[in-house]
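4 protein chains.
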Amino acid sequence: MKTLEHIPEISFEGSGSKTPLAFKYYDPEMMILGKTMREHLKFAMSYWHTINAGGTDMFGGDTMDKTFGKEGIERYKAKADFAFELMRKLHIDYFCFHDVDIAPEGASLGESIKKYIIMVDYIEELMKKFDKKCLWNTANMFGDKLFMAGAATSPNADIYAVSAAKVKVGLDVAKRLDAGGYVFWGGREGYDTLINTDMGLELDNLGRFLHMAADYADKIGFTGALYIEPKPKEPTKHQYDYDVATCMNFLRKIGLENRYKMNIEANHATLAGHTFQHELRTAVINGSFGSVDANQGDLFLGWDTDQFPTNVYDTALAMYEIIKAGGFTTGGLNFDAKARRQSNAIEDIFLSYIAGMDTFALGLKVAAKIIEDGRIDSFVEDRYAGYNRGIGRKIVEGKTDFDELYNYALTLKEIQVESGKQEYLESLINNIMFS
Amino acid sequence: MKTLEHIPEISFEGSGSKTPLAFKYYDPEMMILGKTMREHLKFAMSYWHTINAGGTDMFGGDTMDKTFGKEGIERYKAKADFAFELMRKLHIDYFCFHDVDIAPEGASLGESIKKYIIMVDYIEELMKKFDKKCLWNTANMFGDKLFMAGAATSPNADIYAVSAAKVKVGLDVAKRLDAGGYVFWGGREGYDTLINTDMGLELDNLGRFLHMAADYADKIGFTGALYIEPKPKEPTKHQYDYDVATCMNFLRKIGLENRYKMNIEANHATLAGHTFQHELRTAVINGSFGSVDANQGDLFLGWDTDQFPTNVYDTALAMYEIIKAGGFTTGGLNFDAKARRQSNAIEDIFLSYIAGMDTFALGLKVAAKIIEDGRIDSFVEDRYAGYNRGIGRKIVEGKTDFDELYNYALTLKEIQVESGKQEYLESLINNIMFS
Amino acid sequence: MKTLEHIPEISFEGSGSKTPLAFKYYDPEMMILGKTMREHLKFAMSYWHTINAGGTDMFGGDTMDKTFGKEGIERYKAKADFAFELMRKLHIDYFCFHDVDIAPEGASLGESIKKYIIMVDYIEELMKKFDKKCLWNTANMFGDKLFMAGAATSPNADIYAVSAAKVKVGLDVAKRLDAGGYVFWGGREGYDTLINTDMGLELDNLGRFLHMAADYADKIGFTGALYIEPKPKEPTKHQYDYDVATCMNFLRKIGLENRYKMNIEANHATLAGHTFQHELRTAVINGSFGSVDANQGDLFLGWDTDQFPTNVYDTALAMYEIIKAGGFTTGGLNFDAKARRQSNAIEDIFLSYIAGMDTFALGLKVAAKIIEDGRIDSFVEDRYAGYNRGIGRKIVEGKTDFDELYNYALTLKEIQVESGKQEYLESLINNIMFS
Amino acid sequence: MKTLEHIPEISFEGSGSKTPLAFKYYDPEMMILGKTMREHLKFAMSYWHTINAGGTDMFGGDTMDKTFGKEGIERYKAKADFAFELMRKLHIDYFCFHDVDIAPEGASLGESIKKYIIMVDYIEELMKKFDKKCLWNTANMFGDKLFMAGAATSPNADIYAVSAAKVKVGLDVAKRLDAGGYVFWGGREGYDTLINTDMGLELDNLGRFLHMAADYADKIGFTGALYIEPKPKEPTKHQYDYDVATCMNFLRKIGLENRYKMNIEANHATLAGHTFQHELRTAVINGSFGSVDANQGDLFLGWDTDQFPTNVYDTALAMYEIIKAGGFTTGGLNFDAKARRQSNAIEDIFLSYIAGMDTFALGLKVAAKIIEDGRIDSFVEDRYAGYNRGIGRKIVEGKTDFDELYNYALTLKEIQVESGKQEYLESLINNIMFS
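Chains as they are written, first to last, in numbering that gives the first Met the number 0: chain A, 0 to 434; chain B, 0 to 434; chain C, 0 to 434; chain D, 0 to 434.
These are computed hints drawn from the structure, not numbers from a lab. Watch out, some of these pointers could steer you wrong.
Copies of the same chain look alike in the list, so a pair counts if it works inside one copy or between any two.
Said to hold, decoys possible - List time: in silico DSSO-like cross-link candidates among lysine-lysine, alpha-carbon distance up to 30 Å: (1) Lys65 / Lys144; (2) Lys76 / Lys65; (3) Lys252 / Lys323; (4) Lys76 / Lys144; (5) Lys144 / Lys412; (6) Lys127 / Lys88.
Using the sequences provided together with the hints, build the complete structure.
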């Protein structure tokens with residue numbers, strides 16, 4: 000990794016600009032529906048992809064060098080310096096990280112924690128200096144071979160204990176850095192085959208773990224959110240946190256549905272067979288909308304591609320859901336996205352973030368226009384208007400029963416079924432987008 | 000449809016038989032793990048596919064004629080006669096049906112109900128005469144254009160009322176025929192696009208519907224089970240009852256998790272991205288295992304193929320889960336399967352059932368052998384043995400916290416992570432199957 | 000179906016219009032890159048969906064009535080009147096049809112042909128009166144049970160002969176109506192399982208069929224194109240005409256690669272795991288680009304949804320390929336798309352076509368802007384510039400061998416691998432689309 | 000990696016054995032249809048997975064240590080010793096490898112080749128000592144960042160030259176080791192996005208590369224087969240060698256359809272949306288069946304899982320196709336399979352191979368029984384019998400035309416369409432398997 004001195008600070012130049020290293024749509028202080036873009040979007044940098052990932056995939060090694068020509072703690076300090084300078088140049092206010100992203104691992108758990116705290120100290124200073132905030136942090140409990148069969152769902156109780164230790168330290172760090180939240184992504188909490196797995200016990204143990212984590216957060220006075228990040232598969236065949244509905248079922252079963260929120264990732268949604276919008280809506284309906292991992296997958300591919308989002312349809316509908324939900328509180332938009340393996344120049348990191356941020360800025364603008372236009376919302380309101388009166392109102396108010404509905408139904412003449420007008424509504428969105 | 004006089008009663012001839020119209024593995028009275036095959040499997044005929052479906056698909060009309068050369072009620076009586084004679088010849092004890100399967104529809108709801116009751120009378124007689132039982136019944140609330148946007152989730156309150164009326168009648172019939180259960184398959188309870196859908200209201204209305212249904216069942220003293228049948232998509236883009244976890248989340252949200260059980264369909268599981276075994280295990284863990292729609296899909300195809308099950312791996316692992324869950328109580332194995340469009344001879348109906356029943360008989364035998372062999376179960380037990388002692392036991396008993404686990408973890412030396420032995424266990428199953 | 004008297008002629012009102020029944024982007028006479036939109040796009044109406052399909056799916060019957068309250072030939076004449084009036088109001092110049100779309104079937108092949116010819120006479124008159132052209136016609140050889148196991152790949156030689164007869168008549172009609180082409184969509188040319196299929200013989204027979212068809216077309220002097228329409232699955236598990244590459248392999252094997260072109264359907268491309276753009280590019284590279292069935296699928300669903308296209312990314316990249324290929328010659332853009340089952344009003348047919356036509360008009364405009372902007376094309380040109388000089392040029396000109404390349408490679412110092420800049424190029428397309 | 004001294008030689012003990020480290024079904028010298036199992040199956044070890052892969056996936060590092068506590072050439076010699084000892088203990092006669100599997104890479108191409116040749120010398124000795132053969136070798140042109148945008152399809156001509164040099168050396172080694180073949184797997188020959196790709200030029204360049212390779216093989220007198228290994232995606236979004244049909248189209252286009260054969264991988268077939276059996280049948284029909292990469296994927300996952308095959312249905316149908324094709328000539332069954340990440344003990348390598356070899360032995364036995372039983376083959380023969388007589392025969396012999404077929408078809412009365420009997424045939428296979 001070369002330094003980024005040659006990269007200018009990225010400024011907003013408007014849609015007419017042909018400057019690659021400039022925002023065309025993301026204008027941080029532009030007001031939209033009463034808030035600035037910056038407040039709406041709350042962009043965060045993903046430390047793992049941006050600072051550490053070098054382009055490796057299952058069939059080849061790195062295409063970018065992110066070692067900074069240094070070793071040990073010094074390498075990680077150079078990475079941190081790079082990270083904050085990058086955030087400054089891109090006008091990104093938040094960042095997210097795993098413990099192993101910011102510090103080297105030691106020979107033992109104890110040593111790893113020591114190194115981690117040294118780097119937390121260092122980063123705390125950078126946060127003050129650059130005026131940046133931590134959106135959330137987490138612990139990597141899937142990379143080391145120790146966790147090959149899970150962390151809080153490991154068949155091995157010692158590994159479960161190590162996992163608890165890592166999350167305890169993570170929560171301590173979250174508290175100290177005043178993070179908006181702490182994330183549980185169950186990297187290997189799942190199974191590869193049911194014939195070697197006691198799924199019931201594993202889930203019960205996971206439930207106990209989440210209870211202990213919440214208790215510990217309360218004990219230390221961490222007031223940020225606790226998030227679960229759903230993912231259906233990869234690396235395991237079946238991840239227990241499959242999708243929002245699955246996570247909420249589990250949280251309700253263990254009585255924690257009000258304590259944990261969802262960190263929804265676009266590409267995890269699509270891997271589960273759902274649109275990004277579906278998962279957002281499901282979280283809202285279940286009272287568990289929290290934060291977002293913004294990226295996009297490739298629906299022709301069956302793995303987590305973690306691409307920078309560039310599809311405005313998707314970001315528009317996502318921002319529509321988020322605005323309707325009242326916007327972010329503790330959460331924000333973390334780019335859990337990596338530049339393609341072939342995008343191996345330092346400029347590509349910036350071009351990728353610009354692509355993603357501009358796409359969400361466009362999405363925000365389109366979403367606001369859809370709401371201001373009002374035709375979509377009116378259509379939906381009118382469609383269900385029958386539930387505001389007569390038998391519909393009784394249904395919604397819970398003041399009827401099958402006997403009454405039966406008798407009522409027998410009196411009905413031919414019922415008019417109204418068109419759902421999908422094509423018209425889709426063309427309406429195009430018309431709003433392209434005018 | 001010709002009559003089935005030329006088809007002999009299907010008898011068990013053993014695996015050495017080359018008679019197409021004979022069972023090779025299904026020996027109803029054979030004892031397995033203390034119960035007869037008949038008791039373990041509780042096979043049921045699906046009225047819709049077996050008696051009504053003629054091979055139509057989206058690109059072509061029927062290849063089989065199932066009109067019996069008659070019209071109106073007479074046609075449906077001929078169908079019923081055929082159905083019970085078929086059950087007799089195949090030694091199938093149960094059947095399942097939608098209201099519209101057994102009777103023609105009338106010009107109004109009232110008329111349809113009248114015709115339906117005429118046929119219920121007729122079928123009640125046949126049940127006595129042939130000594131057959133109803134595993135479950137249900138109402139078709141997806142075929143008529145009235146339900147194009149849903150039944151209990153329709154945007155139209157009148158259609159909601161019609162749906163309630165149909166289910167009320169359905170529960171009355173379930174009570175009268177002493178059905179083991181009543182099924183809710185949400186054929187069009189879902190959405191095609193979120194831009195025209197108030198998903199929150201639709202789900203709340205569905206919740207109210209399920210409450211009213213349970214209340215009505217209680218009121219009339221119907222003691223059978225109430226089942227929800229998960230399906231992720233088709234006909235709608237997103238069905239609300241996506242999979243077991245989604246259904247259980249919804250039931251917990253509305254406080255009915257103890258009142259409804261799951262009717263799990265193999266092909267719906269696979270359309271949701273899960274194995275059949277996964278959905279069974281999930282239901283068991285959530286205390287909601289009920290009944291099964293037995294069929295198989297084609298993982299290379301993205302729709303509900305409803306094929307007769309012929310894969311012994313799948314039926315063996317399904318029966319393993321079912322035996323471990325204590326076997327069926329109110330539920331059973333309904334063949335929600337249709338002979339392929341090209342299997343257009345009357346013999347094919349029988350050959351298809353024989354294929355499916357023999358495959359489940361083989362699956363039952365393999366499952367019993369896996370359990371008797373004990374090596375799979377021992378492996379799993381040993382794998383988690385650490386939770387029976389020391390820190391593991393404290394975890395399971397909820398007698399520890401993050402502070403203790405943290406301190407404990409810091410004392411650990413190198414931890415041995417034991418092999419999951421997936422390939423060995425898979426070869427073990429082959430060895431059990433093929434010896 | 001009510002008449003369409005109450006529907007106005009659809010006119011272009013521009014992107015500022017809020018009139019549902021008006022074009023916002025399709026301005027037929029607007030010049031783009033030297034041709035009118037009308038000439039670029041060559042829109043065609045699909046007779047089967049537009050005039051006949053009533054919303055039926057695998058789980059329910061029609062939601063729209065398209066019988067016109069008439070029977071027999073009179074019904075089909077009313078349909079034809081409706082079709083041409085609809086084309087007139089929508090400014091659609093072409094139409095496509097199967098034999099069974101325009102005429103009722105008779106009790107025998109001979110009778111069916113007679114009725115068909117009566118309707119061909121009728122439609123020929125309408126074509127003159129309304130000044131409309133036939134983009135292509137075809138024969139339905141998948142709907143009737145006769146074709147359940149294929150037509151030109153049927154195991155039954157008599158059915159093969161019937162198929163030949165239908166195509167012969169179809170080619171006669173194509174010649175008479177001066178159709179731009181004749182399409183072979185192998186509805187059931189494929190298999191459900193290999194264990195009952197002689198795939199080698201079936202493909203050889205299909206090859207003979209295509210030879211006879213080409214010979215017959217030559218004999219009668221039909222100068223339009225012969226198209227094969229690839230599709231990977233549905234209704235059969237595996238369709239022989241899987242995708243463009245598969246069709247071209249087959250055509251090359253039988254020596255007809257220069258006689259048949261491709262009719263590429265967007266939704267068939269995606270069912271085969273390819274983007275629409277990929278299939279277009281593949282056809283161009285193989286010299287077989289012909290015509291297009293324009294629609295869109297839903298990548299979350301595994302069947303042919305045949306939706307009206309509303310995604311501008313897809314239409315822009317498709318039009319980019321088509322313009323680069325020199326535009327349509329015999330071919331055009333047929334909307335093989337159906338209004339959703341819930342879009343059950345007569346207005347919805349028009350709203351759907353407007354949605355599709357406007358989306359392709361937008362796509363055309365974006366594609367032209369991409370080409371005029373030039374940055375995408377320049378990037379690609381520069382990327383491969385090394386093949387215009389030195390060893391690169393020798394490679395391209397076929398003037399080197401492994402020995403020379405080996406010796407050359409051994410002299411190389413560190414090779415710079417240049418970034419593929421995917422994110423930048425994607426953001427460039429957004430910038431072009433949204434400015 | 001510990002040594003394998005504690006692992007016994009694996010011997011055949013029969014299906015009754017409960018010894019984990021023994022064959023239950025693979026009895027090398029057992030005669031089946033006139034050949035020994037060993038001759039039928041021609042098992043080969045995959046060097047990359049077996050000797051080098053340590054369990055790393057996209058979310059975590061190695062779980063097994065295969066460094067042998069050594070560095071540089073010494074490590075690779077230790078690996079080779081291990082490899083041959085493993086083959087000896089498992090009775091595997093063949094092996095396959097990439098250049099980088101057997102030797103460390105140097106700082107330059109020249110140095111890498113030197114080290115490679117040192118190890119080729121070493122392995123040649125081991126081949127003599129252990130009496131083992133090379134099924135095929137290949138060059139890794141996808142791992143190094145140099146190849147990030149392709150090798151023979153790289154936009155960079157220098158990288159193309161390096162690729163040529165590597166294949167030249169590979170062919171020299173193939174000749175020297177008397178390999179049965181040389182494989183081209185186009186690891187990164189494909190694209191991630193068409194907007195940065197000149198697909199036409201890349202394919203033309205690939206064509207020139209394959210011509211030069213064939214010319215070079217001829218020049219040095221390498222008489223083994225040249226194989227292309229189809230794969231549809233991963234690592235790139237679209238791999239040019241998508242499936243057998245796509246490869247054959249390309250080979251026919253460049254006139255090399257008789258010079259290259261297919262190396263078909265089970266898991267690549269399924270990623271392309273095809274069954275393993277389909278790809279084998281397609282290769283046979285196209286005259287290009289060559290060799291097999293034996294493994295299995297997981298149809299619920301969208302990436303190349305490379306699992307050891309344990310599904311007997313799949314291996315039975317694969318062996319059925321292979322036997323029908325006359326068996327292997329130059330090719331064989333290479334286990335391109337890796338033990339699961341959680342199978343981290345040295346025993347697991349052996350248990351995995353035993354699982355795979357026993358599963359193919361079972362498949363071979365079932366396939367032979369299907370053929371000996373004859374009912375499947377007879378059914379298919381009878382189904383197409385109409386093509387042996389009358390109009391069918393004229394069709395097959397190419398002695399008819401559309402006019403004759405038209406006239407013939409008009410004379411036909413009602414045509415009987417015979418059942419495809421899929422369910423019966425599937426149950427027949429179960430009956431053969433489980434008796």
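Verification of the supplied hints:
With identical chains, the CA atoms of lysine 65 and lysine 144 are at most 30 Å apart both within one copy (23 Å) and between copies (14 Å). Taking CA atoms no more than 30 Å apart as the test, lysine 76 paired with lysine 65 passes inside one copy only; the shortest distance there is 12 Å, against 32 Å between copies. Taking the shortest alpha-carbon separations for lysine 252 and lysine 323, both the intra-copy value of 28 Å and the inter-copy value of 22 Å come in at or below 30 Å. For the identical chains of this complex, lysine 76 and lysine 144 are neighbours both inside a copy (26 Å) and across copies (26 Å), given an alpha-carbon limit of 30 Å.
Taking the closest pair of Cα atoms, lysine 144 and lysine 412 come within 30 Å of each other only across two copies (15 Å); inside a single copy the shortest separation is 67 Å, beyond that limit. Within a single copy, lysine 127 and lysine 88 get their C-alpha atoms as close as 16 Å, which meets the 30 Å cut-off; across copies the closest is 63 Å, which misses it.
Hint compliance for this structure: every hint is met.
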